[in-house]
Amino acid sequence: GIQVEQSPPDLILQEGANSTLRCNFSDSVNNLQWFHQNPWGQLINLFYIPSGTKQNGRLSATTVATERYSLLYISSSQTTDSGVYFCAVRRTGRRALTFGSGTRLQVQP
Amino acid sequence: ETGVTQTPRHLVMGMTNKKSLKCEQHLGHNAMYWYKQSAKKPLELMFVYSLEERVENNSVPSRFSPECPNSSHLFLHLHTLQPEDSALYLCASSQDQAGTTATRQRNEQFFGPGTRLTVL
Numbered sequence: 004g005i006q007v008e009q010s011p012p013d014l015i016l017q018e019g020a021n022s023t024l025r026c027n028f029s030d031s032v033n034n035l036q037w038f039h040q041n042p043w044g045q046l047i048n049l050f051y052i053p054s055g056t057k058q059n060g061r062l063s064a065t066t067v068a069t070e071r072y073s074l075l076y077i078s079s080s081q082t083t084d085s086g087v088y089f090c091a092v093r094r095t096g097r098r099a100l101t102f103g104s105g106t107r108l109q110v111q112p
Numbered sequence: 225e226t227g228v229t230q231t232p233r234h235l236v237m238g239m240t241n242k243k244s245l246k247c248e249q250h251l252g253h254n255a256m257y258w259y260k261q262s263a264k265k266p267l268e269l270m271f272v273y274s275l276e277e278r279v280e281n282n283s284v285p286s287r288f289s290p291e292c293p294n295s296s297h298l299f300l301h302l303h304t305l306q307p308e309d310s311a312l313y314l315c316a317s318s319q320d321q322a323g324t325t326a327t328r329q330r331n332e333q334f335f336g337p338g339t340r341l342t343v344l
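Chains as they are written, first to last, in our numbering: chain A, 4 to 112; chain B, 225 to 344.
Everything labelled a hint here was simulated from the structure, so no lab data went into it.
Incorrect hints may have been included.
[What the hints assert, rightly or not] Cβ pair distances, simulated, as ranges:
{"id": "1", "chain 1": "B", "residue 1": "H297", "chain 2": "A", "residue 2": "I47", "range": "21 to 31 Å"}
{"id": "2", "chain 1": "B", "residue 1": "T240", "chain 2": "A", "residue 2": "Q81", "range": "39 to 49 Å"}
{"id": "3", "chain 1": "B", "residue 1": "T342", "chain 2": "A", "residue 2": "Q17", "range": "15 to 25 Å"}
{"id": "4", "chain 1": "A", "residue 1": "S78", "chain 2": "B", "residue 2": "P266", "range": "22 to 32 Å"}
{"id": "5", "chain 1": "B", "residue 1": "G252", "chain 2": "A", "residue 2": "G60", "range": "20 to 30 Å"}
[What the hints assert, rightly or not] Covered stretches of chain A (in silico footprint by chain B; criterion: 3 or more residues with CB under 8 Å from a CB of chain B, positions within the stretch not fixed):
{"id": "6", "segment": "39–47"}
{"id": "7", "segment": "84–98"}
{"id": "8", "segment": "103–112"}
[Unchecked claim] From chain B, some residues computed to sit far from chain A (all C-beta separations above 10 Å):
{"id": "9", "residue": "M239"}
{"id": "10", "residue": "K243"}
{"id": "11", "residue": "H250"}
{"id": "12", "residue": "E276"}
{"id": "13", "residue": "P293"}
{"id": "14", "residue": "N294"}
{"id": "15", "residue": "L344"}
Since the structure is predicted, the reported quantities are computational estimates derived from the model, not experimental observations.
No residue lacks a Cβ here, since even glycine has one placed at the ideal position from N, Cα and C.
The task is simple: from the sequences and hints, build the whole structure.
Here it is, written out as structure tokens:
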């Protein structure tokens, strides 16, 4: 099956810092989503981004499908950004998402 | 209610019990999913239903039995579980454009809050 690798696995930031999370995938995809999982387990949709660049407030994401990677940028981080960030992809011809192992982000005041 | 809801949010059961998890989506979608998230493992797919038919089954033990009576409701029936089945069970839904040959179907998935299951 398709492999999804996220880096770094853990990240500690001071409030106000910027960060970049990376997602590499091993095959062609027609769906890529970024999620934030809060401490209660809820997966919150951040971006649906199979290709191109999108921005939503302090967050932005870029997917280069031909090179099989996506980046999530967090600017001016806040303590509420803490949690686990997942990248998930849908392989062409499949319905379900395959998730990476996540990046655990801790933003310290 | 909006989005995807799941009940119960927490469940503790013995290995001989029978229980059911319920998921309901209020988004008008036609595909629903069960995922399992165990400690220190990536989320993994269990079942996919599209237009109320099971279309994917990820080699899940028979002690987990899904049911999709209509496009808005999905159940996961549990019986004779093992302690290693303790996990967060997440339901999701999407609009699946079944029957098309388009390679860029937008089927963004939306997740419920999950049921945290503990098997004693």
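To see whether the hints hold, each was checked on the structure:
1. The hinted window of 21 to 31 Å between H297(B) and I47(A) holds, with their beta carbons roughly 23 Å apart.
2. Checked against the hint of 39 to 49 Å, the C-beta distance between T240(B) and Q81(A) comes to roughly 47 Å, which is consistent with it.
3. About 36 Å separates the C-beta atoms of T342(B) and Q17(A), a value inconsistent with the hinted range of 15 to 25 Å.
4. Checked against the hint of 22 to 32 Å, the pair S78(A) and P266(B) passes, with Cβ atoms roughly 27 Å apart.
5. Distance hint check: the CB atoms of G252(B) and G60(A) are about 27 Å apart, consistent with the given range 20 to 30 Å.
6. With 4 residues having a beta carbon nearer than 8 Å to a beta carbon of chain B, the segment 39–47 of chain A meets the requirement of three or more and the stated coverage holds.
7. Counting residues of the segment 84–98 of chain A whose CB lies closer than 8 Å to any CB of chain B gives 6, so the stated coverage by that chain holds, three being the minimum.
8. With a threshold of 8 Å between beta carbons, the proposed coverage of the segment 103–112 of chain A by chain B holds, since 3 of its residues qualify and at least three are required.
9. The claim that M239(B) lies off the interface holds: its Cβ sits roughly 23 Å from the closest Cβ of chain A, which is beyond the 10 Å cut-off.
10. Interface exclusion of K243(B) from chain A stands, the closest Cβ pair being 19 Å apart, more than 10 Å.
11. Under the 10 Å C-beta cut-off, the non-interface status given to H250(B) relative to chain A holds; the minimum distance is some 15 Å.
12. A cut-off of 10 Å between C-beta atoms confirms that E276(B) is not in contact with chain A; the least separation is 14 Å.
13. Non-interface status of P293(B) relative to chain A is upheld: no Cβ of that chain comes within 10 Å, the nearest being about 20 Å off.
14. Distance check for N294(B) against chain A: the nearest CB is about 18 Å away, which clears 10 Å, and the non-interface claim stands.
15. L344(B), annotated as away from the interface, keeps every beta carbon of chain A farther than 10 Å; the closest lies near 20 Å.
Of the hints listed earlier, the one the structure fails to meet is number 3.
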